[in-house]
Each structure stands twice: as C-alpha cells, then as structure tokens.
Amino acid sequence: MKKVLIVEDEEYLHRKWRRELDNKVILISAHSIKEAEEQFASNPDITAIFMDACVPGDEPTTPPLVRKFRETFTGPIIAISSSPEYRAELISAGCDCEWGDKNTLPKKILEVLGL
Numbered sequence: 710m711k712k713v714l715i716v717e718d719e720e721y722l723h724r725k726w727r728r729e730l731d732n733k734v735i736l737i738s739a740h741s742i743k744e745a746e747e748q749f750a751s752n753p754d755i756t757a758i759f760m761d762a763c764v765p766g767d768e769p770t771t772p773p774l775v776r777k778f779r780e781t782f783t784g785p786i787i788a789i790s791s792s793p794e795y796r797a798e799l800i801s802a803g804c805d806c807e808w809g810d811k812n813t814l815p816k817k818i819l820e821v822l823g824l
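Letter by letter, the sequence shown follows residues 710 to 824 in my numbering.
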C-alpha cells in the first residue's frame, strides 16, 4: 500500500481523511513542522506529500519545509492550503500543484496516486 504524508495541524481533518481512505493508502500524519521532518526521515518510502501552508497558525510556515523536502524527494508535493495566496507560495517553494478543498482531499490523493 502506498504511503502519503499529510502535513496539516487540524486533527479532525486527519481523522476524516483516515476514515475515507481506510484500506486504500497508509496516511502518515504530521501536525507540526518538527513532526513532519521526523515522519519524513523515518518513512523513506513515502509516495506523495500533501502540505498545508500554516502549520500551525495563520501565517505560512511550511515553504522552507517544502524546499528542504525537495532536496531529496522527487515525488509529488501538493499544496493544500485553503488560501490561494498561500498555495501560490507553496508552489513557488517547490510544490507540484494545488488543491484548495480539504473536504475532498481523499479524491485528490487517490488521483495523484493513480488509484
């Protein structure tokens, strides 16, 4: 089963996505930049990364993390901020594309993974 890292600080979204994607993919959750770095380092077989911009808070904190991941990760990184401006910042940092509707993120995950 393919592994997906989701960097998002809202726990209820992780629970929702996990229910919707049960038995389809392995979701690796990260609620902070530190946790994202740890999960990335300990899961070298991650297939795709989905990145919120503000983890945590209301200002973009993850563009440097995208740049760091891009040093070694060649798979897709998808910007999932609800703010179009913040998604644009993430794309400038190295994300491949964007998805603004977090409620339908499982659909995008399956699409990106070809499932």
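Wrong hints could be hidden among the right ones.
[As the list claims (entries may be wrong)] Quick list of in silico lysine to aspartate or glutamate cross-link-like pairs, DMTMM-like style, CA-CA up to 25 Å:
no.: 1; residue 1: Lys811; residue 2: Glu794
no.: 2; residue 1: Lys725; residue 2: Glu747
no.: 3; residue 1: Lys733; residue 2: Glu820
no.: 4; residue 1: Lys777; residue 2: Glu719
no.: 5; residue 1: Lys711; residue 2: Glu794
no.: 6; residue 1: Lys711; residue 2: Glu729
no.: 7; residue 1: Lys725; residue 2: Glu768
no.: 8; residue 1: Lys816; residue 2: Glu798
no.: 9; residue 1: Lys712; residue 2: Glu744
no.: 10; residue 1: Lys712; residue 2: Glu820
no.: 11; residue 1: Lys712; residue 2: Asp731
no.: 12; residue 1: Lys816; residue 2: Glu794
[Said to hold, decoys possible] Pair ranges (Cβ atoms, derived):
no.: 13; residue 1: Asp767; residue 2: Met710; range: 30 to 38 Å
no.: 14; residue 1: Glu768; residue 2: Arg728; range: 25 to 33 Å
no.: 15; residue 1: Asn732; residue 2: Ala797; range: 29 to 37 Å
It is worth saying that the hints were derived from the structure and are not from the lab. Glycine included, each C-beta is placed from N, C-alpha and C at the ideal position.
Evaluation of the provided hints:
A distance of roughly 16 Å separates the Cα atoms of Lys811 and Glu794; the hinted pair therefore holds under the 25 Å criterion. Our distance criterion of 25 Å between C-alpha atoms is met by Lys725 and Glu747, whose separation comes to about 23 Å. Under the criterion of a C-alpha separation no larger than 25 Å, the hint pairing Lys733 with Glu820 is consistent with the structure, at around 12 Å. Of the pairs offered as hints, the one joining Lys777 and Glu719 holds, with about 22 Å between alpha carbons and a cut-off of 25 Å not exceeded.
Between the alpha carbons of Lys711 and Glu794 the distance comes to roughly 30 Å, so the proposed pair goes past 25 Å and is violated. The suggested pairing of Lys711 with Glu729 holds, with an alpha-carbon distance near 15 Å, which does not exceed 25 Å. Between Lys725 and Glu768 the CA atoms are separated by roughly 24 Å; this keeps the pair inside 25 Å, and the hint holds. Taking the CA atoms of Lys816 and Glu798, the gap is near 23 Å; set against the 25 Å cutoff, the hint holds.
Between Lys712 and Glu744, the direct Cα distance comes to roughly 16 Å. Compliance with the 25 Å bound is thereby established for this hinted pair. Only pairs whose Cα atoms come within 25 Å are accepted, and Lys712 paired with Glu820 is accepted, the gap being roughly 14 Å. Taking the CA atoms of Lys712 and Asp731, the gap is about 12 Å. The hint holds against a cut of 25 Å. A distance of roughly 22 Å separates the Cα atoms of Lys816 and Glu794; the hinted pair therefore holds under the 25 Å criterion.
For the hinted restraint 30 to 38 Å between Asp767 and Met710, the CB-CB distance of approximately 34 Å keeps it satisfied. At about 30 Å, the beta-carbon gap between Glu768 and Arg728 stays in the expected band of 25 to 33 Å. Remark: the range hint 29 to 37 Å for Asn732 to Ala797 is upheld by a beta-carbon distance near 34 Å.
In this structure, the one hint that does not hold is number 5.
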